[in-house]
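Asks: All chains should be modelled from the sequences, with the hints used to inform the complete structure.
In order, the protein sequences belong to chains A and B. Just so you know, we're using the working numbering here: the first sequence kicks off at 6 and counts up by one. Just so you know, we're using the working numbering here: the second sequence kicks off at 12 and counts up by one.
I should point out that these hints are in silico values taken from the structure, not numbers from a laboratory. Since this is a predicted model, take the numbers as computed values, not measurements. Honestly, I wouldn't trust all of these hints.
[Claimed, not checked] Only part of the chain A face toward chain B is listed, based on derived beta-carbon distances under 10 Å:
1. Asp80
2. Met88
3. His92
4. Tyr119
All residues carry an ideal CB built from backbone N, CA and C; glycine is no exception.
Single-letter residue listing:
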Amino acid sequence: MTTFLKLEKITKKFSKIVANKDVTIEVKKGEIIGLLGENGAGKSTLMNVLFGLYKPTSGRVLINDKPVKFSSPKDAKSAGLSMIHQHFMLVDNMSVTENIILGQEPNKMGFINYKEAREKVIALSHKYNLEIDPDAKIEDIAVGVQQRVEILKALFRDTKLLIMDEPTAVLTPQEVIHLFEVVRKLRADGMSVIIITHKLDEASEISDRIYILRNGELVDSCNACDVDSQMLATMMVGRDIIFKTDKKPRKETGIKSFKLQDLSYKKMDGTYAIKNLNLEIEAGEIYGIAGVDGNGQKELAEVVRGMVKEESGEIIFNEKVINKYTTLERMQNHMGYIPADRLKFGLIPAYDMASNLIIGEQDEKKYTKKTNPVWRRIVDVLDNILGEYNPVRGLSIINKKAVIENAKEVIKKYDIRPNDHTAIAGYLSGGNQQKVVVGREIERKPEFILIVQPTWGVDVGAIERIHEQILAMRDCGVCILLISLELEEIFTLSDKIAVLYEGKIVLEKPAHLTNKNEVGLYMTGGSN
Amino acid sequence: MNEILSLFDTQLFTTTIDFSTPIVLAAIGGVLCERGGIVNIGLEGFMNFSAFFAVVGTIATGNPWIGLVSGVIAGMIFSLIHGFATIHLHLDHVVSGAVINILSAGLTQYLLLIIYHTAGQTASVPLSLHDMKYAIPILSSIPYVGEIFFNQTPIVYIMMISVVIFTIFLNRTKLGLHLKVSGEHPMALETLGISVFKMRYLGVILSGLLCGLAGSYLSIETGSSYSENMTSGRGFIALAAVIAGRWSPIGALVASVVFGFINALQYKLQIIPALKFFPTEIFSALPYILSILAIAFAVKKSRPPKASGEDFIVERID
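Replies: In structure tokens, the structure reads:
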């Protein structure tokens, strides 16, 4: 086989930080390459160098053994490189056909020949067994189908090397199998494929060869058939990783402490995001909700947290209907929340770690100064009358010392790095940001906690730890509602598994009575 | 009853077209600009600037056609300021638009003094485009309709053609598709190797062109001179028509014509004896109140281009 692409000793420095150091990667014609590495290992920098967005500090790119210089994605495109980004580059309110032909429109004097375009798209989709409706709008089709559109988009423009960034992150197990079939077919047609991933078993299943990046350096490359995921993990992280999180059998408490009854939520456009949803969670149980993104997960979380108002139904916690509780009141009643988007809902990125660790509690006595007892009394009296609307409550002076002490304690306990409470939250790595949120929520001793995507964008090493902490909470009798798109995570943690499809729970079973295939099938509505 | 019927004569509709034309043109300009991703609240300023230069061109040469061309070119050049500020300098679109409006008012006032040594108003143009009124043979002889649509002045015809051309442009052409994507998901366009910058400039310049026509219409077609503040808020009404018309040229046409019609109607209502009881201000305010209501209802269903108003930067590190 001839070499199609070669990255030769690529080094990329950003002022002092070395993002890539002497990375050499070779891709042969008709070969599937797995590119493994944790967040921040330098995968995206490498791809940006390849696509001409970054100029390498040293090293060169060769295509068909000829050195090339790309100064923009356009040059990379014309050399036959295509990339499917993790966040798809599709226009929501345009049709599948329009998205596929964009930039390569069959046209006569600038007028698009939609008939010809449509026929070409259909022919291509049949050829590669990528089923799509050419006239559907992107916003109306499932994520798995959107990925097919992205693949067709690449095929439409004569791609010789296809790069896929975390292609399986959004897919169900069945969709992953289908995707791999397609990728193998592409390989048979002589196309080269690079798959960037952190899912180890998938990497060894699909790839011919695997490259592993760590801290910007190539630590190893190997033939996929020679390694198992345990070895890959060790190479990727640099130390041994235990995959099987130790999960003790659950203590049956029998106390149904959290219930949702006939919960419905209507979106702005009048459609129901959640419809008549019922569930019960016992104290000391992890209730895991699986599902393809966009089936009501976001809305369910927001309703449970009280950020948006439900249309109908009841949220019951410890035998109290808490529909009318504000977010703050829910928090004060020991309901915790670990949001999916930590930078938007979990942290204030511009504030330091110490402040972030007390968010929501800043008015509480333990963090405010013991000022004049008379003033204190006034605040208390007004508190009783006005509750959260008490205007002078926010005027209490924050006790910096208490805040810092709390921060030091949490930082130590949860091993947050850097060990510096003045560090700005937005500049921490993803894993450490998540540790801040997780640590803060656990330290508040919740009785119920809503956890959404707890390990999204978190390093493999940190995932382990976060999972352990969640299980420890369960063992202490906390009632846990886990919503995750990662099936692996749902199965690792949950005691009971439910599938959310189009705003309804279509399957609910104890974890040991179901398997990934069954859940995957329900996730795409395949049950009916 | 007869009184009400007599309201709906051809004159009512010709006045409607008269009021609507500049708004339709500016609104289509706004549509194109926003579909490309640049919010344009400077329509008013563009119009004012070109209205002035249309007069300058006409007085200098005596030919209103050259006046029209100079008005349009002035509009396009002026729009480039907005384009450069928002696309290259990454200035907030609304801030830039507001500055454009103020700059336009100030600059025309200043130029009025420099060129004509007067304040407030220019002299009349020797010949205006209104004198170029052209009745299309056969079509104009259709009763009622012919008089309204086919016995018109040049820019009105241009306006009608613009609606058709730009609808086709947006929905059928390659360039139109690229323009729309640059306002919806610019990164998708850039990763395919098509320049978002170019598309956004295209949108801005087209809005300059169309506002150029609108401004020229005011000063050398219905009017015959430039006076300060002669656009009197039409650019903002056009902005409203963009939203009410859901960012499409045809929608903008409908919204603008509705506004023009109500405006034409209220003049007629003012002279009805039975309605004398109401102060005239109420009638004058009517079109504006109704357009606020129309937008309030339309907004709920209309969806702006997703990346409109968003800055676009490609990180490129050497």
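Asks: Hints first: check each against the structure and report whether it holds.
Replies: Tested hints:
Below 10 Å, beta-carbon pairs count as interface contacts, and aspartate 80 of chain A has one with chain B at about 8 Å; its hint therefore holds. Taking 10 Å as the C-beta cut-off, the interface hint given for methionine 88 of chain A holds, the closest approach to chain B being about 7 Å. With 10 Å as the threshold, the beta carbon of histidine 92 of chain A comes within range of chain B, its nearest partner Cβ sitting at about 9 Å, so the hint holds. A cut of 10 Å between beta carbons decides the hint on tyrosine 119 of chain A: the least distance to chain B is about 8 Å, and the hint holds.
Checked against the numbered hints given earlier, this structure breaks none of them.
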